Amino acid sequence: MAGESLKGLREERGWSQTELAAWLNKSLGRKYDRAQISRWESGSERTPKAVVDAVETERRTDRPRHATVVMCGSAKGGVSKTTSALCIAYCLLAQGSKVLLIDCDSQGSATVHLGYSPTQMDQMEVERRTLYYALADDRPLADYIIQTPEPRLDLLPAFMSLADADVELALGKLAPLRQRIGEVRNQYDFIVLDTAPNLGAVTVSALEASDLLLVPCQTEALALVGLRNVLYSLENLRRRRNPGLRMLGILPTLFSARLTQDQATLEDLRRGYGDRYRIFDPIPRATVFAQAAASGVIPLAAVKNIPGRAVFEEIAAAARAAAKEMKAHVA
1 MAGESLKGLR
11 EERGWSQTEL
21 AAWLNKSLGR
31 KYDRAQISRW
41 ESGSERTPKA
51 VVDAVETERR
61 TDRPRHATVV
71 MCGSAKGGVS
81 KTTSALCIAY
91 CLLAQGSKVL
101 LIDCDSQGSA
111 TVHLGYSPTQ
121 MDQMEVERRT
131 LYYALADDRP
141 LADYIIQTPE
151 PRLDLLPAFM
161 SLADADVELA
171 LGKLAPLRQR
181 IGEVRNQYDF
191 IVLDTAPNLG
201 AVTVSALEAS
211 DLLLVPCQTE
221 ALALVGLRNV
231 LYSLENLRRR
241 RNPGLRMLGI
251 LPTLFSARLT
261 QDQATLEDLR
271 RGYGDRYRIF
281 DPIPRATVFA
291 QAAASGVIPL
301 AAVKNIPGRA
311 VFEEIAAAAR
321 AAAKEMKAHV
331 A
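In terms of my numbering, the numbers along the sequence shown are unbroken and rise by one, the last being 331.
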C-alpha cells in the first residue's frame with residue numbers, strides 16, 4: 001500500500017522517480033535516489049514511516065490545477081470514439097488525475113455508457129442540467145456537473161437538446177465551450193471531450209477548446225478515405241481557430257488480426273500518416289466493449305485483462321507527458 005501511495009503521488013504530479021526523490025530530500029532533509037524510490041514502489045523494501053506520512057500529507061493537499069483538454073473526435077460514426085474517450089479518462093484516473101468527461105454528442109453516448117438511463121437523461125433535460133443548457137444559461141458550469149460512481153471522475157452530460165446547438169452556436173446565441181470550460185479548469189487535471197461524429201458547430205467549439213486531439217479510425221479501407229477528409233478539415237480548423245492544438249495521435253480501432261484486410265489497412269495507415277502523426281497500436285475488436293456499454297460501465301473498470309488496455313494506458317501517458325511539456329513551456 002505504501003508503494004502504491006508513492007507511485008500515486010508521483011503520477012498525480014507527473015514526476016519521475018528522480019523528481020520524487022528530490023522532493024523527499026528537500027522535505028525530509030535526506031539523500032534518497034531513484035533506485036530507493038523504485039524499491040519502495042515495487043514493495044521489495046519497506047517504506048519508512050516518515051516518507052509515507054510526507055506522501056500522504058502531500059496527496060491530501062488541494063494543489064492548484066489547470067486542466068489539459070483532450071478531445072476524442074472523428075467525423076465518422078462507429079469508430080469506438082466514445083469507448084476510447086471513456087477508457088482514456090479511466091486510465092488518467094488510474095494515474096492519479098482528477099478528470100471531467102464532457103459529453104458533446106446529442107445522442108448522449110458517453111452519458112449512456114456511464115450507466116445513465118434514458119429516463120434519467122430525460123429528467124436531466126427537464127431540469128436543464130445537460131450541456132446545451134450549460135451553454136445557453138447563465139448559471140455556473142459547476143451546477144451542471146455530476147459525480148459518477150468512479151472516484152475523481154465527473155460528467156457533464158448531454159442529450160437531445162444539444163441537437164439544436166449547432167445552429168444557435170453559429171448565430172452566437174450560446175456561449176463557446178472554451179469560455180465555459182475556463183470556469184472549471186482549475187478544478188481538474190484533465191478534461192476529456194467526447195464529440196459527435198460530425199464537424200458541426202458543437203464539434204468545432206470543442207476543437208477550439210482543446211489542447212490535444214486524438215482521432216480514432218476503424219481499420220477498414222473505406223475508413224481511410226474518410227480519415228483523409230477528417231484530418232484535412234481538422235488541420236484547417238486548427239490553423240484558423242486553435243493554432244495551439246496538438247495532435248495526440250491516430251488510434252486504429254476495431255482491428256482483427258485474423259483479417260488480411262484489417263492488416264493491410266493498418267499498414268496503409270502507418271505508411272500514409274506515420275511520418276506526420278503518432279499511430280498508436282490498434283485496439284482489437286472485442287465483444288466485451290459492447291457488453292460493457294450495455295451494462296453502463298467503463299470497459300477497463302469492468303474487465304481487468306481487456307484487450308487494448310495497454311494501448312489506452314499508453315495514450316493516457318502520452319497525454320500526461322504532453323500536458324507536462326505544455327505547462328513547462330508556458331512557465
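Do not take every clue at face value.
Said to hold, decoys possible - Keeping only pairs whose Cα atoms sit at most 35 Å apart, straight-line, the calculated DSBU-like set for lysine-lysine is:
no., residue 1, residue 2
1, Lys327, Lys26
2, Lys324, Lys7
3, Lys76, Lys324
4, Lys49, Lys327
5, Lys7, Lys173
6, Lys49, Lys7
7, Lys327, Lys76
8, Lys324, Lys49
9, Lys76, Lys26
10, Lys98, Lys76
11, Lys304, Lys98
12, Lys98, Lys49
13, Lys31, Lys49
14, Lys173, Lys31
15, Lys31, Lys327
16, Lys7, Lys98
17, Lys173, Lys327
18, Lys7, Lys304
19, Lys26, Lys173
20, Lys26, Lys49
21, Lys324, Lys304
22, Lys76, Lys173
23, Lys98, Lys31
24, Lys7, Lys26
25, Lys7, Lys31
26, Lys49, Lys76
27, Lys173, Lys98
28, Lys76, Lys304
29, Lys327, Lys7
30, Lys26, Lys324
31, Lys324, Lys31
What the hints assert, rightly or not - So the derived label-pair ranges between C-beta atoms look like this:
no., residue 1, residue 2, range
32, Thr57, Gln261, 51 to 59 Å
33, Glu183, Lys327, 14 to 22 Å
34, Thr57, Lys324, 19 to 27 Å
35, Lys327, Glu56, 22 to 30 Å
36, Asn25, Ala221, 50 to 58 Å
Hints are computed from structural coordinates only; laboratory data are not their basis.
Quick caveat: nothing in here was measured; it's all calculated off a predicted structure.
Each residue gets a CB set at the ideal place from its N, CA and C atoms; glycine is no exception.
These are the hints, each one checked on the structure:
{"no.": "1", "hint": "Lys327 to Lys26", "result": "23 Å, holds"}
{"no.": "2", "hint": "Lys324 to Lys7", "result": "17 Å, holds"}
{"no.": "3", "hint": "Lys76 to Lys324", "result": "31 Å, holds"}
{"no.": "4", "hint": "Lys49 to Lys327", "result": "33 Å, holds"}
{"no.": "5", "hint": "Lys7 to Lys173", "result": "46 Å, violated"}
{"no.": "6", "hint": "Lys49 to Lys7", "result": "16 Å, holds"}
{"no.": "7", "hint": "Lys327 to Lys76", "result": "32 Å, holds"}
{"no.": "8", "hint": "Lys324 to Lys49", "result": "30 Å, holds"}
{"no.": "9", "hint": "Lys76 to Lys26", "result": "51 Å, violated"}
{"no.": "10", "hint": "Lys98 to Lys76", "result": "29 Å, holds"}
{"no.": "11", "hint": "Lys304 to Lys98", "result": "21 Å, holds"}
{"no.": "12", "hint": "Lys98 to Lys49", "result": "27 Å, holds"}
{"no.": "13", "hint": "Lys31 to Lys49", "result": "16 Å, holds"}
{"no.": "14", "hint": "Lys173 to Lys31", "result": "59 Å, violated"}
{"no.": "15", "hint": "Lys31 to Lys327", "result": "28 Å, holds"}
{"no.": "16", "hint": "Lys7 to Lys98", "result": "16 Å, holds"}
{"no.": "17", "hint": "Lys173 to Lys327", "result": "33 Å, holds"}
{"no.": "18", "hint": "Lys7 to Lys304", "result": "20 Å, holds"}
{"no.": "19", "hint": "Lys26 to Lys173", "result": "52 Å, violated"}
{"no.": "20", "hint": "Lys26 to Lys49", "result": "17 Å, holds"}
{"no.": "21", "hint": "Lys324 to Lys304", "result": "28 Å, holds"}
{"no.": "22", "hint": "Lys76 to Lys173", "result": "27 Å, holds"}
{"no.": "23", "hint": "Lys98 to Lys31", "result": "31 Å, holds"}
{"no.": "24", "hint": "Lys7 to Lys26", "result": "18 Å, holds"}
{"no.": "25", "hint": "Lys7 to Lys31", "result": "19 Å, holds"}
{"no.": "26", "hint": "Lys49 to Lys76", "result": "53 Å, violated"}
{"no.": "27", "hint": "Lys173 to Lys98", "result": "31 Å, holds"}
{"no.": "28", "hint": "Lys76 to Lys304", "result": "29 Å, holds"}
{"no.": "29", "hint": "Lys327 to Lys7", "result": "21 Å, holds"}
{"no.": "30", "hint": "Lys26 to Lys324", "result": "22 Å, holds"}
{"no.": "31", "hint": "Lys324 to Lys31", "result": "26 Å, holds"}
{"no.": "32", "hint": "Thr57 to Gln261: 51 to 59 Å", "result": "55 Å, holds"}
{"no.": "33", "hint": "Glu183 to Lys327: 14 to 22 Å", "result": "20 Å, holds"}
{"no.": "34", "hint": "Thr57 to Lys324: 19 to 27 Å", "result": "23 Å, holds"}
{"no.": "35", "hint": "Lys327 to Glu56: 22 to 30 Å", "result": "25 Å, holds"}
{"no.": "36", "hint": "Asn25 to Ala221: 50 to 58 Å", "result": "56 Å, holds"}
Violation of the numbered hints given earlier is confined to hints 5, 9, 14, 19, 26; the remaining hints are satisfied by the structure.
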